[in-house]
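Sequences are here, hints too, so could you generate the full structure?
Letter by letter, the chains look like this.
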Amino acid sequence: MEWTTLFDIALGAILINNFILAQFLGICPFMGVSKKMDTAVGMGFAVIFVMGLASALCYPVNLLLNNLGLKYMQTVAFILVIAALVQFVEMFLKKAIPTLYQALGVYLPLITTNCAVLGVVLLNVQNGYNFIESVVYGITGGAGFLLAIVLFASIRERLEFADPPKAFKGFPIALVTAGLMALCFMGFQGLKIPW
Amino acid sequence: MNIGKQLKEGLVTQNPVLVQLLGMCSTLAITTTISNGIGMGVSVTIILTLSNIFISLLRKFIPEQVRIACYIVVIAGFVTMVDLLLQAFFPDIAESLGVFIPLIVVNCIILARAESFASKSKPLPAAIDGICQGLGYTMVLLVMSAIRELLGAGTFNGARVFPAEYAANMLALPVGGFLTLGCLIALMQYIQRKVKGGK
Amino acid sequence: MNIFYAVLTLGILGGVFGLVLSLASKVFEVKTDPKLDLILDCLPGANCGGCGYPGCAGCAAAILAKEAPVNACPSCSGLQTSRIAAVMGVEVKAQERRVAFVRCNGGTRASRKFERYVGLTDCVAAMKVSGNGTLDCAYGCLGLGTCVQACKFDAIHINAHGVAQVDQDKCTHCMQCAKACPRHVIIDVPYASDIMVPCGNKDKGPSAKSLCTVSCIGCRLCEKNCPAGAITVTDNHASIDYTKCTSCGVCVEKCPRKLITDIHATGKVEPVA
Amino acid sequence: MSKPKETASAKQPAFSLDPQYILRITGVLLAICLVTALLLGIVNQITAPRIDAIQKAKKEAAMSLVLPADEYVLWEGNLPAHVTALYLANSGGEGIGWVAETATSGSQGTIEMMVGVGTDGKVTGVSVVKHSETPNIGTKVVADQSVLDRFTGMSHENGEITVNSGSNRFDAVSGATFSSRGVVEGVNAALAAVGQLS
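Residue numbers (our numbering), protein chains in the order written: chain A, 1 to 195; chain B, 1001 to 1199; chain C, 2001 to 2273; chain D, 3001 to 3198.
For the record, the hints were derived by calculation from the structure and aren't laboratory data.
Worth double-checking, as some hints may not be accurate.
[As the list claims (entries may be wrong)] Far from chain D by the CB rule (all over 12 Å, computed), these chain A residues: (1) 38; (2) 62; (3) 180.
[Unchecked claim] No farther apart than 30 Å at their CA atoms in a straight line, the calculated lysine-lysine pairs in the DSS-like style are these: (4) D:3058 to D:3122; (5) C:2026 to A:95; (6) A:35 to C:2152; (7) C:2224 to C:2258; (8) A:36 to C:2152; (9) B:1120 to A:95; (10) C:2170 to A:36; (11) C:2224 to A:169; (12) B:1005 to A:169; (13) C:2035 to B:1060; (14) A:71 to D:3059; (15) A:35 to B:1120; (16) B:1008 to C:2152; (17) B:1120 to C:2035; (18) B:1060 to B:1122; (19) D:3122 to D:3059; (20) C:2170 to A:166.
Every residue, glycine too, gets a C-beta built ideally from N, C-alpha and C.
Here's what the structure looks like:
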């Protein structure tokens, strides 16, 4: 468990291939929830929690599937774990933070189909990470999601007051901004850790 | 339950991508060539319709507390079965669509339609809704991939239109996806405002 | 054999998660008093904050716990308030409906500090940038739409003259626009009253005249001629005490600036000059 | 026992930990999972042999493209990084070389390749089996056979193949350095695996 690989994974997940702006996974909630900063931060932390726990839970499930030679069951099993986790988060939020629960609305169940969450779990398997590495990848992947959605929400709140051409008002200008943000994040791809 | 309304809803007023902001991941990532666009659109339409029917059949048995888990297991199981069958019996189709099918499991449209529509209506309207939403989705994918392939790679469905040096490669990257989709929605809002303004 | 393993694994997973979820649904069960939802259904659900509580859910909880009166929600129509009263089994006293009103109709006719204001389309921002607003008159409406964004009921818009104007039928008197307006131009008036003074300029007559062609110069003609003594000039502009006003319209004729208008007669606040 | 309605508002006020309620929810999820698993198992039972056959045929085709031989024997033993399988290619009874199946990361996803290496340690051919590179950028490397043929004849005699520099250099396609690097990594891995054997 050397720190260098963990740091390498963390840096990769947050900056180099950020789940939203570099790998383009999980765009639906990213677009839907980023209108206001508080829901964006709420969604960001919910995703960190779900991604971290999903990576942790899916690792043993993957071992089980491989030993029994059930490789084709991978998607179904992983998505079942994620769905149960999201349903758990939904009940927890409804009890503990009802305002955030109402604000997230339909986008909370959509975390289940969030490509980023299933993406991180499948990437853990593909890259052959061990338990610690996959959990770190999950949490830092969620942190990358949080970074992207907070940046985007702050820009979007300012967009309300700018006056783009009438046709671009609202969602199109947000999309174009997201495109430009993705362009900047491509700059990180050259980032290589020297050791 | 009239088909016309649902069709209009699926294509224009409630278009899954342009209005409900769903299915963005595949829309941005896949629409680099027209064949990809058609392939993805067709497979999503088929699977969306069939999963809508399945879920609306099961809607009475599934309790509120585990509804997401049940829906997604049905959808994932369904998609995997289609994937395996395609790979075994139609290898050439699997060759072109193979990469999209696993992606469909995480396509937000399917669970969103299941959660908001199919779980509340009888199988027939759910099926029609699946078809209409699927068509709306395919339409957007087609337009998107036409633009991105033409400008991004200089070819139209494989046939070269202008030499590759002049192509704006950036459009082939998902970054271009954001920009193309943004302009597409702006165009749609402009047309809607003109139509509303005109009346 | 392979199928058996498949069924076994997914079965165990499904079973375990089913159990966990059902237990969780019990542990996290939100104990709700059925009355709370009934009250919540009566409230408009716009979470405008007019009642002072965090959204309608907060207001419903306060009403249920008897911390708030049954008509705590300003945006509720008479019917909705009476329904809440029925749920709570409390008698509600009739309440006169009030709405918001923009005390200005200068807009394009008010003189401006500079040719064209290019900046954030927001009154609060304009106030900060251009030293107390883009108009020479320090009390007029800037027409940049902060109130429009603050209003959850789409009841206030910028009219053709570039001044905010309230659609009294849609207005639910939550007064969020008044709170948002940096110029405090919006006051609340009874819905039924007709005569309005669309100006709140506190400058003396001569300077008020130069600032805007439809401003009130505090000439007191309306005050002298009002049979009911309802209209008085305070701070160099006329204001009406609606408990006395009989909507006779004398002040409308007498006003030299043709400022005071009967909004229900013309339907919209049309500047006469 | 009155059926507890699903919406929170209509629950009876006092709600004990009712086993019926727990059983019903767990039961439904369990049933759905079992049915799905059963169907999946059956479908897999039918399709598995056919898919393996198709997969094997595709692999054989790719291998013969890279190093034509009568038959390919899977070589057991530990394999270096990035090499997923190694086959001993022999025709007419004696070995004429190896074919390594490699999986390296390109710019958008993994690139799966077949690299043929002759007994003299020189690359006999490279072909890409599966990739998800961006069209018109990454595909300029992975889908363009002329680029891949430039590897033929390279070997590890004077060190590993490096991109755009060094003695044993391979000029990357402009604008697609990541994809080129992925392919070079694959070829290096194959040569290393074969070198380790002989």
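How the hints compare with the structure:
no. : hint             : in the structure
1   : 38               : holds (24 Å)
2   : 62               : holds (16 Å)
3   : 180              : holds (19 Å)
4   : D:3058 to D:3122 : holds (24 Å)
5   : C:2026 to A:95   : holds (11 Å)
6   : A:35 to C:2152   : holds (16 Å)
7   : C:2224 to C:2258 : holds (16 Å)
8   : A:36 to C:2152   : holds (16 Å)
9   : B:1120 to A:95   : holds (25 Å)
10  : C:2170 to A:36   : holds (26 Å)
11  : C:2224 to A:169  : violated (51 Å)
12  : B:1005 to A:169  : holds (27 Å)
13  : C:2035 to B:1060 : holds (27 Å)
14  : A:71 to D:3059   : holds (20 Å)
15  : A:35 to B:1120   : holds (28 Å)
16  : B:1008 to C:2152 : holds (29 Å)
17  : B:1120 to C:2035 : holds (26 Å)
18  : B:1060 to B:1122 : holds (10 Å)
19  : D:3122 to D:3059 : holds (21 Å)
20  : C:2170 to A:166  : holds (25 Å)
Hint compliance for this structure: hint 11 alone is broken.
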